[in-house]
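A.B. asks: Spelled out, the chains give:
Number of protein chains: 2
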Amino acid sequence: MSVMGASTQNARETEQRARIIATAERLFREIGFQKTTVADIARELRMSPANVYRFFGAKSEINAAVARHLMNEVEQSAQSIAHGPGSAEQRLRALILSNEAMNAERYVADRKLHNMVEAALDENWPIISDHIDRIDAALEDVIRSGMESGEFAEGDAQLAARLVHAACIRYCHPRLMVECADRPTPTSAQMVEFCIAALRAGFRDLNRSASLSR
Amino acid sequence: MSVMGASTQNARETEQRARIIATAERLFREIGFQKTTVADIARELRMSPANVYRFFGAKSEINAAVARHLMNEVEQSAQSIAHGPGSAEQRLRALILSNEAMNAERYVADRKLHNMVEAALDENWPIISDHIDRIDAALEDVIRSGMESGEFAEGDAQLAARLVHAACIRYCHPRLMVECADRPTPTSAQMVEFCIAALRAGFRDLNRSASLSR
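Here the protein sequences line up with chains A and B, keeping their order.
In terms of full-length UniProt numbering, the first sequence opens at residue 1 and continues consecutively.
In terms of full-length UniProt numbering, the second sequence opens at residue 1 and continues consecutively.
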């Protein structure tokens, strides 16, 4: 096979994978991820189950790929806001609120997808941890740019990003979003203002000021 | 029955209730709350099950009473720190860290008690909501005193308390404490410093500054 042929082959395989993931996601939303079988996915795509298994060794790998795809869209949005226009404050607000809205659409409004995420949390898929890291990274980019421009006090941008993310966990963690549905306050918008106040003022970094007496 | 007799009777009933709750808690820790039956609790107390049912109409009411008792100890500690000595900052630190340590002992180290709390969260017992309100109230007392003394910027102490509590949720929510066990940072101590910075500097209150252009 020529180099050209190999790359066409790769493109075709990437496309097939993407079709399997998109079909699985649709079926997960329609009939639920537990009820969806590899045979269902293959039938929708007019493939043999054996062909699906060429791409994914087991149903659990399809689950993981769908979850990764859903989270990837949220991460892309966060990165695009982080590197888009506006002050650091404006981008931080937009990032947290867009993150909340996307997660709400995916995991709160859609009970069937929520079940998939519950399972992911229970099984502690590494994708959840990767997702947290990627949202942390987008937050860190915004906060570092704010520290550089003087909008925020100087400090450890990575630590600050993790603090903001942890402070906002009830607005992005699917299970908490459901649990906290009957406690409408504080809102995510209020929490962002609280975080911005700490970022502007600067906060004591325990790693750097261990010798401070207090 | 004389008034004296009625109050002795009440005292005796309160004591009996407390013994049932303490015995149930011990059995929940030893053999788990699902496996513990009303008959087990009665046997330990050398009572008849009928006598236990005089106090609690169903096993689920005993579960709720044990959960309430465990949470009450945490609330008492929070209140005693809130109204104890020290600056508002010092009390806020102590309250959050003591809350975390008590919850960790109860619900993370003790897997069997953790299962009871999981069930409570799933069934959305009103006691969970009451507990959140009571910790909010202790935080509010600390923050209000800090606002009054000038340590913290003036503002809505109730909103500020809810924000601090929500920001610290991963250090007090039993399920999150387990889930986040492999993500050691940010620590609760770091989060408290972050919150203190926002409280000192003051934060934009969206309820009060809706007309601010930004």
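Keep in mind that the hints were calculated from the coordinates and are not lab data.
Since the model is a prediction, treat every value here as computed from it, not as a measurement.
Hints are not guaranteed to be accurate.
Note: identical chains are not told apart, hence a pair may lie in one copy or across any two.
[Stated by the list, open to error] Here are the computed lysine to aspartate or glutamate pairs in the DMTMM-like style, where the Cα-Cα straight-line distance is at most 25 Å:
1. 112 x 179
2. 35 x 105
3. 59 x 136
A.B. asks: Determine which of the earlier numbered hints do not hold for this structure and return their numbers in increasing order.
C.D. replies: 3
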